[in-house]
Amino acid sequence: MNDFIEKRDFYRMAVDGEVRYRIDGESQLSAATIKNLSNSGLLMAADREIAPGAKITIAIIPGHTITPPLLAEASVIRSDAADDGHFHVACTIDRILAESDTGPGFP
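Per the numbering used here, the sequence shown runs over residues 1 to 107.
It should be emphasised that the hints constitute simulated quantities derived from the structure, not laboratory data.
Please note that a few of the clues may not be correct.
Distance windows between CB atoms, simulated [claimed, not checked]: (1) Glu26 with Ile66: 18 to 24 Å; (2) Gly85 with His64: 15 to 21 Å; (3) Ala98 with Arg78: 25 to 31 Å; (4) Glu49 with Ser100: 28 to 34 Å.
The list that follows gives simulated cross-link-like pairs (lysine to any residue, SDA-like), each with its CA atoms no further than 20 Å apart [stated by the list, open to error]: (5) Lys35 with Ile50; (6) Lys35 with Ile96; (7) Lys35 with Asp80; (8) Lys35 with Gly85; (9) Lys55 with Ala90; (10) Lys55 with Ser79; (11) Lys35 with Glu49; (12) Lys55 with Arg22; (13) Lys55 with Ile96; (14) Lys35 with Asp101; (15) Lys35 with Ile60.
Ideal Cβ positions, reconstructed from N, Cα and C, are used throughout, including at glycine.
Make the full structure from the sequences, and use the hints.
Structure follows, in structure tokens:
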């Protein structure tokens, strides 16, 4: 018998794609791999730890150029070290952005 109770408000879809991000207050644009996505959040595998509470601007890059990137502001909830040397960074999506909201050089 399965006693698991889903506590999330939105189903998470497994995704394996590119996400670019910039931590607020930094100029560096970094790349990560998105692992899952829902209506309210995402999990990405990044090369560096990002402090919980950090605000980031993200661009989820689709595999086809016919679809534009999904641009958003997000807040980091947690950043856990993974066995492969990456960090699993969980974020909530705070706001979807227009391309004009991201500033020059992004994504």
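Can the restraint linking lysine 35 and glycine 85 be considered satisfied, given a maximum Cα separation of 20 Å?
holds (15 Å)
Holds or violated: lysine 35 with isoleucine 50, Cα cutoff 20 Å?
Cα-Cα ~16 Å, so holds.
Does the Cβ distance between alanine 98 and arginine 78 fall inside 25 to 31 Å?
Cβ of alanine 98 to Cβ of arginine 78: about 28 Å, so the range 25 to 31 Å holds.
Are the Cα positions of lysine 35 and aspartate 80 separated by 20 Å at most?
holds (14 Å)
C-beta pair glutamate 26, isoleucine 66: status relative to the range 18 to 24 Å that was hinted:
violated (31 Å)
Would the hint linking lysine 35 and glutamate 49 be met if the CA-CA limit is 20 Å?
holds (16 Å)
For the pair glycine 85 and histidine 64, does the Cβ-Cβ distance stay inside 15 to 21 Å?
This hint is violated: roughly 30 Å between Cβ atoms.
Below or equal to 20 Å on CA atoms is what counts here, so check lysine 55 against alanine 90.
It holds: about 12 Å lies between the C-alpha atoms, which stays within 20 Å.
Does serine 79 lie within 20 Å of lysine 55 when you go C-alpha to C-alpha?
Distance ~13 Å between lysine 55 and serine 79 Cα, so the pair holds.
Given the hinted pair lysine 35 and isoleucine 60, is their alpha-carbon gap at most 20 Å?
Cα-Cα ~11 Å, so holds.
Check the hint pairing lysine 55 with arginine 22 against an upper bound of 20 Å on the C-alpha distance.
Given pair lysine 55, arginine 22 holds - Cα atoms ~9 Å apart, limit 20 Å.
Under the criterion that the straight-line Cα-Cα distance not exceed 20 Å, is the pair lysine 35, isoleucine 96 satisfied?
Cα-Cα ~19 Å, so holds.
The structure fails to meet hints 1, 2 and 14 from the earlier list, while all remaining hints are met.
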